[in-house]
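Peer 1: The hints should help you fit chain Z onto chain E, whose structure is shown.
Going line by line, the protein sequences match chains E and Z.
Read in our numbering, the first sequence has 135 at position 84, and its numbers run on one by one without any break.
Read in our numbering, the second sequence has 111 at position 60, and its numbers run on one by one without any break.
These are calculated hints, taken from the structure and not from any lab test.
Some clues are possibly wrong.
Claimed, not checked - With a Cα cut of at most 25 Å, we get these calculated SDA-like pairs of lysine to any residue: (1) Lys-373/E - Lys-159/Z; (2) Lys-159/Z - Glu-215/Z; (3) Lys-56/E - Gly-277/Z; (4) Lys-120/Z - Asp-289/Z; (5) Lys-56/E - Pro-53/Z; (6) Lys-381/Z - Ile-158/E; (7) Lys-373/Z - Ala-113/E; (8) Lys-160/Z - Pro-357/E; (9) Lys-381/Z - Lys-381/E; (10) Lys-172/E - Thr-60/E; (11) Lys-172/Z - Val-194/Z; (12) Lys-382/E - Lys-379/Z; (13) Lys-112/E - Asp-289/Z; (14) Lys-159/E - Ala-201/E; (15) Lys-379/Z - Glu-198/E; (16) Lys-381/E - Glu-400/E; (17) Lys-159/E - Gly-380/Z.
To be verified - Non-contacting residues of chain E with respect to chain Z, defined by C-beta distances greater than 12 Å in every case (computed): (18) Ser-70; (19) Glu-209; (20) Arg-212; (21) Ala-217; (22) Arg-239; (23) Ser-267; (24) Pro-290; (25) Arg-332; (26) Arg-335; (27) His-342.
Glycine included, every Cβ here is placed at the ideal spot set by N, Cα and C.
Number of protein chains: 2
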Amino acid sequence: MPERKKTRTATAGTVRLGSGYPVVIQSMTKTATTDVEKTLRQVRRLAAAGCGLVRIAVPTKADTQAFGKIAARSPVPLIADIHFSPARAIEAIEAGAGKIRLNPGNIKKRDDIERIIDCAKRHGTAIRIGVNEASIRDLKRDVAAGERVALMLDEMTEYVRVFEKAGFENLVLSAKSADTVRTIEANRAISGRFDYPIHIGLTHAGLAEDAIVSSSVAIGTLLAEGIGDTIRVSIAGDPVQEAEIAGQILLSLGLRESGRPQLVVCPTCGRCQSDVVGLARKVRMILKKIHQPIRVAVMGCVVNGPGEAADADVAVCAGAGKGFIYRKGKKVAAASEKDLPEALRKEIERLSGGLQGRQQSQ
Amino acid sequence: MPERKKTRTATAGTVRLGSGYPVVIQSMTKTATTDVEKTLRQVRRLAAAGCGLVRIAVPTKADTQAFGKIAARSPVPLIADIHFSPARAIEAIEAGAGKIRLNPGNIKKRDDIERIIDCAKRHGTAIRIGVNEASIRDLKRDVAAGERVALMLDEMTEYVRVFEKAGFENLVLSAKSADTVRTIEANRAISGRFDYPIHIGLTHAGLAEDAIVSSSVAIGTLLAEGIGDTIRVSIAGDPVQEAEIAGQILLSLGLRESGRPQLVVCPTCGRCQSDVVGLARKVRMILKKIHQPIRVAVMGCVVNGPGEAADADVAVCAGAGKGFIYRKGKKVAAASEKDLPEALRKEIERLSGGLQGRQQSQ
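In isolation and in its complexed conformation, chain E is listed as follows:
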């Protein structure tokens, strides 16, 4: 697990954000906020998919009214996404937002900000200062890409100063761009200058087929450097998929325990003499029913096979026409290629049944 950069703690309802707490996954509803039941269903699906916080857009007064009804029944604290309107910020705080997000690119008047700060203080509401490259003040088409990170950092610094002067510290910071490299650079810079918790993500990464890689690169790089206390994957599509990809990113860096099996599969090459990918797909189906964090390796040759077997709870090295099954690194059975899936199923169920038994008896 990467060592996290030390930050203060922000409090959004029952959720704490910062280096002293696990990285929190969040996403955003895509339903019309005024449709309370539909939005609430999406909030619940997101919470079930691993979101500790859910953000909701509230462009109109009808939306902040609906927001209050949703917040009252939500399983997780809600964040109100504010743009342009100080009135919406105050309404959302009073309606029970655990946190609100302000965009320095479109709420700029100092007395507006100070009124929102006062209200958030009274209600114990967290505020994210969310700088977006696309909506920062003064951004013109002719600002060179290399100068935009500095512009985002300036914008952030100026805004943070207003909060600090008002004695408000329940802050989360974010700086997003649609560009992976500028998102990484902006967050490195902000993390270097401030010790508030950081929210990371790309502003928008596109359709899922284009977005998974760039989101993983941007968010993964920052987390691997210890930066990031809450993350959001932004995909044009079902927000549950955003939560699932965010979960995979955290899992890959050991920042989250899945409680589920891990399947290691060799990529196969010219050494491989059996259908390793077909076998792996069968094992993946078997593992869908297992709810223990066991490690299973499906390998196709002797180069890494025995080494991965030593690391796995259950492993198979598949060769020409037959394969060997390993239990915690010790060869325990041989089976023909045809019988391998069934033999593996038995071994996996034996092990996970044993684990379950042990867990229950504790």
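Peer 2: The following block gives chain Z in isolation, referenced to the frame of chain E:
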């Protein structure tokens, strides 16, 4: 683009590896190497998908013989993947390998290594020292995860010393694990100690659905820190998919130019009053026929819409029942929701036709 850590240059046939040259994508054939025609077809598909190098397993003498025939007709230099057998290394070098890969975990005798070095020197062949966590010497199940990176670094250092004593510098180094965090840590350590070009990748990342995120996180993080001169994504599946994901990783970090359009899409939220995802899918289809690096943004509201439009060659901000089309940040047309795809298609084709015209006249 991240600044790349300065390295020496290695030469594998016509391909140079190191910080003075673009990051090279590589993959590995998964056909039986002795099936020359089938393997050659896969090599050609990989080259077409962006691989500058292709690696081939040569476990038997029949494989190194086939390797020679494949190398003679391959569009890119080939790498022979050597394990256990010094004889295969020598045969592969003599058969025309641009580079060979040795695994310190299974070729250990000093005079074997020196014989291979002598042969590689005579033929100008590059050698990758490829340490795998799963196959390093002395790896026992009880070596704690935290000590394995140090073990990989020791193994690498000992091996490199043999090469340096023999005056051989045409080296590439790699340290792989199935674990994302240890792969990142091992490569940071190796990059800190040596200045040879580095090959990065996870040993095996699993089936595609499990592998894309962890591969993007591991390889992306290292590249974002300037580490990595050639990359391989290891997926249990079609190697062309490995090359495509590798390409997306490089693209997301600006380490490669696609020459293709980029599609930015807002993730949508409660502010959105039209089917942005449906519109984006239509635009994605239109863009399949365009072969210029234009930037197109499909946005669903006024928060980031105008800012992204300013950055895009063509943009649309879709609202309730209608949308506005922007050309390089200037609003140029309005259309009903139904007519938007066609209006966008015209604008995109006008622009790309114009670009094509300009390119041809240069």
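Peer 1: Against the earlier hints, flag every one the structure doesn't satisfy and list their numbers going up.
Peer 2: Hints 1, 9, 11, 12, 13, 22, 23, 24, 25 and 26 not satisfied by this model.
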